[in-house]
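> As they're listed, the protein sequences go chains S and Y.
Numbering of the first sequence is given in this note's numbering, commencing with residue 1438 and proceeding in unit increments.
Numbering of the second sequence is given in this note's numbering, commencing with residue 30 and proceeding in unit increments.
Any given hint could be a false lead.
[As the list claims (entries may be wrong)] A partial selection of chain Y residues facing chain S, derived with a Cβ cut-off under 8 Å:
#, residue
1, Cys-59
2, Val-61
3, Leu-65
4, Ser-68
5, Val-73
6, Ile-193
7, Arg-301
8, Arg-310
[Unchecked claim] When the alpha-carbon atoms are kept at most 35 Å apart in a straight line, the in silico DSBU-like pairs for lysine-lysine are as follows:
#, chain 1, residue 1, chain 2, residue 2
9, Y, Lys-199, S, Lys-1744
10, Y, Lys-165, S, Lys-1700
11, S, Lys-1676, Y, Lys-199
12, Y, Lys-199, S, Lys-1634
13, Y, Lys-266, S, Lys-1959
14, S, Lys-1676, S, Lys-1618
15, S, Lys-1655, Y, Lys-255
[Claimed, not checked] Calculated Cβ distances over 12 Å to all of chain Y for the following chain S residues:
#, residue
16, Ala-1490
17, Thr-1633
18, Lys-1657
19, Lys-1892
Derived by calculation from the structure, the hints in this document are not laboratory data.
Bear in mind the structure is a predicted one, so any value in this text is a computation, not a measurement.
Every residue gets a Cβ at the ideal spot worked out from N, C-alpha and C, and that includes glycine.
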Amino acid sequence: MKTSRFWKEALVATVLTGSLCVGGVALAAEQKSDTLNFVNYRDVRDLNPHLYAGEMYAQEMLYETLVDITADGYKPCLAESWDISPDGKVYTFHIRKGVTFTDGTPCDAYAIKANFDAILENRARHTWLEMMHLLEKVDAPDAHTFRIFMKAPYWPMLTELGVTRPFAMISPAAMKDGSTKDGVKAYIGTGPYKLTKVVTDEYAVFEANENYWGEQPKIKRIVVKVIPDNQTRILALEKGEIDLIWGKNMLDADALNKYRDNKDFGIAMSTPTSTRHIVLNGQNPVLADIAVRKALQHATNRVAIAKGVFHNTELPADTLYARSVPYCDIDLPPYEYDMEKAARILDEAGWKPGSDGVREKDGKRMELGLLYNSNSVTEKTIAEYLQHEYGKLGIRVSLRGEEEQSYRDNMKNGLFDMIFNICWGMPYDPQSSMAAMRQRVYGDYAAQLALPDKKEIDAAITEIMSSTDPARRQELFTFALTHLHEDAIYIPLTYETNKALFSSRLKGVGFTQTQYEVPFVKMSFEAAKP
Amino acid sequence: MTWLEHGMKNYIIMRLLATIPLLLGISFLCFVFINLIPSDPAEVALRIRQTPIITEELIAQTRAELGLDQPFLVRYFVWLWDCLHFDLGFSYTNPARTVLGEIGRCLPATLELAGLSLVYVIVLSLPIGFLSAVYKDTLFDRIMRGVVFATTAMPVYWVGLLLIWLISIKCDLLPTSGYGGFSSLILPAFTVALSYISTYIRLIRNNMLENMREDYVLYAQARGLKQRAILVRHILKNSLQSCVTAIGMSIPQLIAGTIVVENVFAWPGVGRLCIASIFNRDYPVIQAYVLLVGVLFVFFNLAFDILQYVADPRLRERKS
């Protein structure tokens, strides 16, 4: 075939037209303003404050609760102050005067009563909060007094009233005939921001509430973009399309590490929010032997995991709850990493290596499954590392990754030998997550079921909930946590933290006691350089 | 001509009738397979709505709410009947939204993406495939073959991220992700199109090379026709025939194949809706998506078969 100039020209023309198209578009200048561009991996969804389907950071921006949970204890929020009756059964809240919802409706005791009525109408939905079983009635004798009557005293009451949901207040005008269980008409709260626009799966716009009763936020407008992919989020930050990535699973350790010494970006890390650990199923015939559980504890190199997998963005954990968690500052001797000791424990307990190196005793071979959530890259990495480490001891570990929902099914139903888990975190730890150990809802129940002291632990947890004396509560927590620690049923790995990566012109990036709250109110942009 | 029209009408009616059992089969299979997933959708719905403690009563209550307490076949027929009335039900994870509304919200973005990808495929693969055949074994052809080989082998998400890195960050030309105007469409559409472009370049090139060996080319040369006319009016035209059939199948593939790209580029289309629904066990949405894709395949297959039947006299003669 002979060549033809025509086709050469055609090709050149196509390439040129294409590049011109691309070039033209690129001229659209990028504009910087005082808008904070935030990012999340999914849409804000349903922000009804009395249900659980919405993004918590957004609910925290819009709505407020009676009290705030802070590092220094409970602080007034919509309630200016409160009294608790000597028998611990009546809570009287003095409601802050002059607070209005962003639609102009006053947020007085009557509005708060309307909120409680709507929440209690759907009581079954909230029974994960222990107080729901004990709450007798609520009333509002006048516009500034709101009372809660309990059947029995319950000490984590203020914590449960202070968590993001369900006790956040929405304007009664936004309810559907005084009800919120089947949805609300609009997302109207008293918080520092109001929601002005949502484009599903694309972005949401929040603007400062100019009538906010507290300190005015410095950043007046926040756009939350939805970017599901981890890598794309980081690329968008690098391009300047977003200013802040914030959260526990929004950033991997490698990415954080990469920006550590970069002047254009800042990094922040919170105190421990929760503990990453492995639950050992005490019902498994091999793991039923406490010597095996203790050997596994000693064979787990937490320092190496924190360093190798997390670049120390998560620190090694010695106990199920960090010492910074309320009531958990207990002296528990950690299971130090010591392979020889681990081997010795197994030898002494009669677990002898068989012909293929796998230990056995009374015909039982030391073969254990380790189940992880296949959506989690870090869990898989840790699992592979532990498989190798435990293998050196003569424990054969088979790994199984399951997609999140079936991983959870298996956990709940106790269908595991060893499984990765993360505790609920602040402010639910330790009281709510330990209360849940008594029911078959998470892996804890199945794992603990075969423990000889399970009944005593449960009894202690039950007593904790109604004890009004802090000293007694500490005693009981110490008892339950010491027993769980000595039973060696949990292998703590690392303390999970909230992490933030942000443009260095953003100042004041930090964290609060509530792990899902992004404290936008404290953030500001550096004054523009002339 | 009347016999022809008559035959065509019969052919079209037969083909249309044949789609009914096909669609029923698709709907049933998609219902069966989704119901084989071991997790209890009621429980998963509660988890997705982030209920910290899920009690048996709560599961039972939710199951009744979602209509999951009915036997399997009853649910299937209720669903089928509703589908025929264009009622695809409600999303389990967000009961405030209808499935039809969700698909309606997401489909336009996916169609834009698939549409531009198709343009890329046609505009790029046609001239490159043609030139590769004409200049067989030249430097151009060899480079193109290398490119085709490489792009077919690269996974889509990786290509996507590389393109973002190169075009958006290093060259600072286009936005990294998101939905907003033509500029944000260029990269994701190109990423989707890339593997198709490679396929079509190869297809066109090989078809043309085959056709060049046919007797009619020799005959045309003997008649003294110009080289360009032979290439375009005879060889290319004949080579494109199988490409047209392939394009007919590629269109629904493009629409269904945007899942990964939509996630990488934060593109709010049906692919992302589908992924989220699969992770959330949102049965009604998954079923609707599978059904939609099934219908698209059946429809495009049918449409392009009829189109070919109309366009190619040889097919009609063979049939009659």
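> Are the hints correct? Go through all of them and say.
Against the structure, the hints:
| no. | hint | verdict |
| --- | --- | --- |
| 1 | Cys-59 | 19 Å, violated |
| 2 | Val-61 | 19 Å, violated |
| 3 | Leu-65 | 12 Å, violated |
| 4 | Ser-68 | 5 Å, holds |
| 5 | Val-73 | 5 Å, holds |
| 6 | Ile-193 | 5 Å, holds |
| 7 | Arg-301 | 7 Å, holds |
| 8 | Arg-310 | 6 Å, holds |
| 9 | Y:Lys-199 to S:Lys-1744 | 32 Å, holds |
| 10 | Y:Lys-165 to S:Lys-1700 | 52 Å, violated |
| 11 | S:Lys-1676 to Y:Lys-199 | 9 Å, holds |
| 12 | Y:Lys-199 to S:Lys-1634 | 32 Å, holds |
| 13 | Y:Lys-266 to S:Lys-1959 | 67 Å, violated |
| 14 | S:Lys-1676 to S:Lys-1618 | 42 Å, violated |
| 15 | S:Lys-1655 to Y:Lys-255 | 74 Å, violated |
| 16 | Ala-1490 | 4 Å, violated |
| 17 | Thr-1633 | 18 Å, holds |
| 18 | Lys-1657 | 22 Å, holds |
| 19 | Lys-1892 | 21 Å, holds |
Violated hints for the displayed structure, listed by number in ascending order: 1, 2, 3, 10, 13, 14, 15, 16.
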